[in-house]
Amino acid sequence: MNWTLLDRCCEKCTHSPEKPCPDYIECRLSGPLCHDDERCREMRRQRLEELRYGEKGAKIKVPMASCTLATGAEAVYHAVEDAVKNMGLEATITISGCHGLDFIDPWLELSAKGMPTAIYANVKPSDVPRILEEYFVKRDVSRAFALKERVGAASGEDKVPLLGELGFWAKQYKWVSRNCGVVNPESLEEYVASGGYRGLSRAFKLGPEATIEEILKSGLRGRGGAGFPTGMKWRITRQQKATPKYVIANADEGDPGAFMNRLLAESDPFRIIEGLTIAGYAIGANQGYIFVRAEKPLMAKRLQKAVEEARRCGLLGKNILGSGFDFDIEVILSAGAFVCGEETAMIAAIEGKRAWPRQRPPYPAEKGLWGKPTAINNVETLAHAATIMAEGAEKFAAIGTEKTKGTKMFCVTGAVKRVGAYEVPIGTSIRVLVEELAGGAPEGVKVKAVQIGGPSGGCIPANLLDLPLDYETLQGAGAIMGSGGIVVIGHENCMVDVAKFFLTFTSAESCGKCIPCRVGLRVMWSILDKITKGEGTEEDLQVLRQVAETVRSASLCALGGTAPNPVLSTLRYFMDEYAAHIREKLCPALVCSALIKYRIDEEKCIACGQCAMNCPASAISKIESGKYRIDESLCIKCGVCYTVCPVKAVYKVTGARAG
Amino acid sequence: MGKLEGSNEVSVLPDKVFEGVPKAPYGLLEALRRVQAVYGYLPPEGIRRAAEYVGVPFAQAYGVATFYHQYSLEPIGKYRILVCMGTACHLRGNSLNIEFLRTLLGLKPGRKTTEDKMFSVEEARCFGCCGLAPVVVVQKPDGGNEIVGRANPRTLRALVERYRRQERGGAK
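Protein sequence lines correspond, in order, to chains A and B.
This note's numbering numbers the first residue of the first sequence as 588 and each following residue consecutively.
This note's numbering numbers the first residue of the second sequence as 259 and each following residue consecutively.
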């Protein structure tokens, strides 16, 4: 293997994982520090250039994250390998994480010396030979999606926008996600080359107390949802007398519609490892755990690999960087339970018990894992901590709002043109995120509401889109920032159905330990079910409110405490829809199946038979005219005919028209 | 592998099944996962072995096995069809898709596995691929996953038929 930045440059270097040099990290980029040798400096410069353009001066980057793999990145990777071989190209093929721009998946990034780095969007395996030919042979970038810079050497450069000029990129503040889609997530060398581990190195020089000071000064608040000041949590855990202490990274990202933690861990796992190491050092813990959500196994795999690599290079283990600090990490993959995201439930899960939350206080900072002081932080929080330690608290504190500093990653999904994960300063308005970054609703769809904060959050109507995204404002509006998932709800969705959907989720995920949550959510679900069937009464609404308040105030943990939010917020902003279901027995959005009927417009029907062929209940048959009709007594209202009809001849009716 | 169906008596677990699993309570989740990988579900004997290995009481391990939704205490289908019930997938049609699959495979209410043990249909939690909503994931017997994005009744019917054909072809 060739020399890498992580290796010793010459005999004079005294570093080894067993006898680490405190200046090891700084020395990687600006070294050599302990001796003066132009050759050693040159080796570093050359290697950095190699990392950028590959050993052969040309580099092809294929993103390998869950989102890109789901759209076929693996096939693209194989197509690249084949094409490189067939064309006899001298190019390095490497993997990266993902930019968070789901709408361009899978993408390819090509770079070569003297050429502008180019990104190609929505690549199919069959496109690969043409793309490589155009870029590497013809030096033509005109069909690229975006360029990272202009060098004036390739044809078509002026026809392609710079990534930095595109609104959905330019309006972001890439702070914690800076490496996502840029570095190889399996390469510690690339992480260090991009400035990684400077934060830990600086923490060791400052000492634990001053490290906590620095995090306090930055104003960092927990990014998992509750928004507790991170420095404060660390300080309280540090002040505890009991030992040993533990740190836990909460990677149980369970809110539907939230995938920023997955993206971060799959694209830049070392930042999380570094952050957890800093947390361990600051509070005085020698063991850390990362608890990963079951549905995101690649996240666990990447983190596990990163842990092993950090161990191998002495960045985990005994006497890290000569600081005298010992630290190691275990990665644990959950087996699927939403409640594990609650900190006391996560502790129970790591202890090998049913993941049941328990009463707080005592908080984990005092009595956590095995009854010992434990700091639990969300992975995005830890990645922020590592970045803050490297870049300085002032830089972070300069962004954001008065009360909440820095940036936050948000995932925008649902009825938008550009589904993706975007990092913006806290305090950015929902409108900027939904309309300018995510591109607003697709043609023909009108935004009715946005759901923020997952099952614990609420629905905010479209006329409140100018609200800034920060903890306090959202709470005031009946939602929460939560982990930062934003689901945009179009006009074709029914808000009562949305509320019922979340109750289905939370009542299934209720762990069953406390009665308000276990029984209350069931009761709420039944009432909503009644309403969506057109059997609800005015009195039901009162009971619904009452039970919601009880569940909110009397539940043991935050799962139950916040689960009524989707119901209370829809009652607050979308009372008209509830009223329509109850008084007029109709579903204005044509969603609730008990209140709608499917019909076929004979004028539009082209007699293709798709509906009848796909109907699972055999409820559709040919009539004399050769066209088709639905037998309402057999119809199970599954909506298959509605989706498969090529000419939209199937339509829905509700209320009196459906009578 | 020694997958037994409909019986609580299981063949002996291979010695190496727990290789690399930490011998500590936090290893329990992984130990149970290994057992399920062998049998396709968690028979009591397998839970007992996992409990013994990580050093927790059987009752506690059984409690854990019944707590998480990725563990199954009954045999499940060869192809496990997981229908994402995340918000974006719900809004884009997966609630209809899952009903379609259940009807298509003739699953009665409360049943998740077909009579011939070929398919299981289960609701799943958000996979974090919301850009592809609605998402359906098939866990195949070889351990691989097929991720189906923008699923609709037509693609799902084709999917089921494809696996059925493969099975017929494979059985010879």
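Derived from the structure by calculation, the hints contain no laboratory data.
It is possible that part of the hints are untrue.
Simulated DEER-style distance windows between Cβ atoms [unchecked claim]:
id	chain 1	residue 1	chain 2	residue 2	range
1	B	Thr-413	A	Gln-1129	42 to 52 Å
2	B	Glu-419	A	Glu-677	43 to 53 Å
3	B	Gly-401	A	Asp-669	43 to 53 Å
4	A	Gln-1129	B	Pro-315	58 to 68 Å
5	B	Gly-364	A	Lys-672	46 to 56 Å
6	A	Pro-948	B	Glu-332	37 to 47 Å
7	A	Asn-906	B	Arg-369	36 to 46 Å
8	A	Ser-1140	B	Arg-369	32 to 42 Å
9	B	Gly-321	A	Lys-828	25 to 35 Å
10	A	Glu-605	B	Val-270	35 to 45 Å
Treat the numbers as computed from the prediction; the structure is a model and nothing was measured.
Each residue gets a CB set at the ideal place from its N, CA and C atoms; glycine is no exception.
Here is what the structure says about each hint:
no., hint, in the structure
1, B:Thr-413 - A:Gln-1129: 42 to 52 Å, "44 Å, holds"
2, B:Glu-419 - A:Glu-677: 43 to 53 Å, "45 Å, holds"
3, B:Gly-401 - A:Asp-669: 43 to 53 Å, "25 Å, violated"
4, A:Gln-1129 - B:Pro-315: 58 to 68 Å, "47 Å, violated"
5, B:Gly-364 - A:Lys-672: 46 to 56 Å, "48 Å, holds"
6, A:Pro-948 - B:Glu-332: 37 to 47 Å, "40 Å, holds"
7, A:Asn-906 - B:Arg-369: 36 to 46 Å, "58 Å, violated"
8, A:Ser-1140 - B:Arg-369: 32 to 42 Å, "39 Å, holds"
9, B:Gly-321 - A:Lys-828: 25 to 35 Å, "33 Å, holds"
10, A:Glu-605 - B:Val-270: 35 to 45 Å, "43 Å, holds"
Going down the numbered hints, you'll see the structure goes against 3, 4, 7, while the others check out.
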